[in-house]
Amino acid sequence: GENVEQHPSTLSVQEGDSAVIKCTYSDSASNYFPWYKQELGKGPQLIIDIRSNVGEKKDQRIAVTLNKTAKHFSLHITETQPEDSAVYFCAVSRNSGNTPLVFGKGTRLSVIA
Amino acid sequence: KAGVTQTPRYLIKTRGQQVTLSCSPISGHRSVSWYQQTPGQGLQFLFEYFSETQRNKGNFPGRFSGRQFSNSRSEMNVSTLELGDSALYLCASSLATGAGNTIYFGEGSWLTVV
Numbered sequence: 002g003e004n005v006e007q008h009p010s011t012l013s014v015q016e017g018d019s020a021v022i023k024c025t026y027s028d029s030a031s032n033y034f035p036w037y038k039q040e041l042g043k044g045p046q047l048i049i050d051i052r053s054n055v056g057e058k059k060d061q062r063i064a065v066t067l068n069k070t071a072k073h074f075s076l077h078i079t080e081t082q083p084e085d086s087a088v089y090f091c092a093v094s095r096n097s098g099n100t101p102l103v104f105g106k107g108t109r110l111s112v113i114a
Numbered sequence: 017k018a019g020v021t022q023t024p025r026y027l028i029k030t031r032g033q034q035v036t037l038s039c040s041p042i043s044g045h046r047s048v049s050w051y052q053q054t055p056g057q058g059l060q061f062l063f064e065y066f067s068e069t070q071r072n073k074g075n076f077p078g079r080f081s082g083r084q085f086s087n088s089r090s091e092m093n094v095s096t097l098e099l100g101d102s103a104l105y106l107c108a109s110s111l112a113t114g115a116g117n118t119i120y121f122g123e124g125s126w127l128t129v130v
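In the order they appear, the protein sequences are chains A and B.
FYI, the numbering for the first sequence is 2 to 114, going by the numbering used here.
FYI, the numbering for the second sequence is 17 to 130, going by the numbering used here.
Hints are not guaranteed to be accurate.
Simulated crosslink set (DSSO-like; lysine-lysine; CA at most 27 Å straight-line) [unchecked claim]:
#, chain 1, residue 1, chain 2, residue 2
1, A, 69, A, 106
2, B, 73, A, 106
3, B, 29, B, 73
4, B, 29, A, 43
5, A, 106, A, 72
6, B, 73, A, 58
7, A, 58, A, 69
8, B, 73, A, 72
9, A, 38, A, 72
10, B, 73, A, 43
Calculated from the model, a selection of chain A residues having no Cβ within reach of chain B, i.e. all distances over 10 Å [claimed, not checked]:
#, residue
11, 15
12, 62
13, 68
14, 106
Quick caveat, the hints were computed from the structure, so don't treat them as lab data.
Quick reminder that beta carbons are idealized off the backbone N, C-alpha and C, glycines included.
Produce the complete structure using the sequences and hints provided.
Printed below as a string of structure tokens:
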């Protein structure tokens, strides 16, 4: 089955700096890659997703890049703010069939003011 | 538009008891999935329901079961609770079934087994 590795497990950055989280996956048929943000005591919230027909997607300060050949994708957060502090999860699935999302183990991001 | 609603938010049960958790999906969403979240194992898929039918099941013992009603609301049940069942149980909904559909999570039900 699919295996998703997420790095780093913890990340501390100064406010205003950029943060990058990387995930690798094993199933070359995977083609849907969402990212979720989970704040303390809350459920995961979808922040951005990408499908394999594009290599990059941006939404304000958040971007995701995908390298299907290398089977990895990354989340980039620019101009980080204290409210970006949370646990971020990557996930992977296929566009077809009934395979559910497989999640990485998460990255705890701390933005230091 | 209301999000995914889960009840109860917090509960404490004793080993051997059973528990039922409830989930109301986003209006118009017909697929409901359940995930278990623990510090050690992360987010793990339990099962998915669509049109009252279980479409997919994760690698959990038969003590974990679920169902979906005609209004798309869903319940999951865990029987003969074990200490290791202590976790955050997350419900997620999407418009349709199948991989690649965007799923939206609820706030979760925190279960503690003592």
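Pair hint residue 106 of chain A and residue 72 of chain A, alpha-carbon separation not exceeding 27 Å | It holds: about 17 Å lies between the C-alpha atoms, which stays within 27 Å.
Are the Cα atoms of residue 58 of chain A and residue 69 of chain A separated by 27 Å or less?
-> holds (14 Å)
Straight-line Cα separation of residue 73 of chain B and residue 106 of chain A no greater than 27 Å?
-> holds (20 Å)
Are the Cα positions of residue 73 of chain B and residue 72 of chain A separated by 27 Å at most?
-> holds (26 Å)
Non-interface claim for residue 62 of chain A, where every Cβ of chain B lies beyond 10 Å | Holds: least Cβ distance 21 Å, greater than 10 Å.
Confirm or reject the statement that residue 106 of chain A sits farther than 10 Å, beta carbon to beta carbon, from all of chain B.
-> Label violated. Min Cβ-Cβ 5 Å, cutoff 10 Å.
For the pair supplied as a hint, residue 69 of chain A and residue 106 of chain A, confirm whether the alpha-carbon distance does not exceed 27 Å.
-> At roughly 21 Å apart (the allowed maximum being 27 Å), residue 106 of chain A and residue 69 of chain A satisfy the hint.
Taking only the CA atoms, is the gap from residue 73 of chain B to residue 43 of chain A under or equal to 27 Å?
-> Holds, because 24 Å separates the two Cα atoms, which is no more than 27 Å.
Decide if the proposed pair is consistent with the structure: residue 29 of chain B and residue 43 of chain A, CA atoms, cutoff 27 Å inclusive.
-> holds (21 Å)
Is the Cβ of residue 68 of chain A more than 10 Å away from each Cβ in chain B?
-> At roughly 19 Å from the nearest Cβ of chain B, residue 68 of chain A sits farther out than 10 Å, so the non-interface label holds.
Compare the distance between the alpha carbons of residue 29 of chain B and residue 73 of chain B with 27 Å, and conclude whether the hinted pair is satisfied.
-> holds (25 Å)
Given the hint that residue 73 of chain B pairs with residue 58 of chain A, does the C-alpha gap stay at or below 27 Å?
-> Outside the cut-off at roughly 31 Å; violated.
The structure shown violates the earlier hints numbered 6 and 14.
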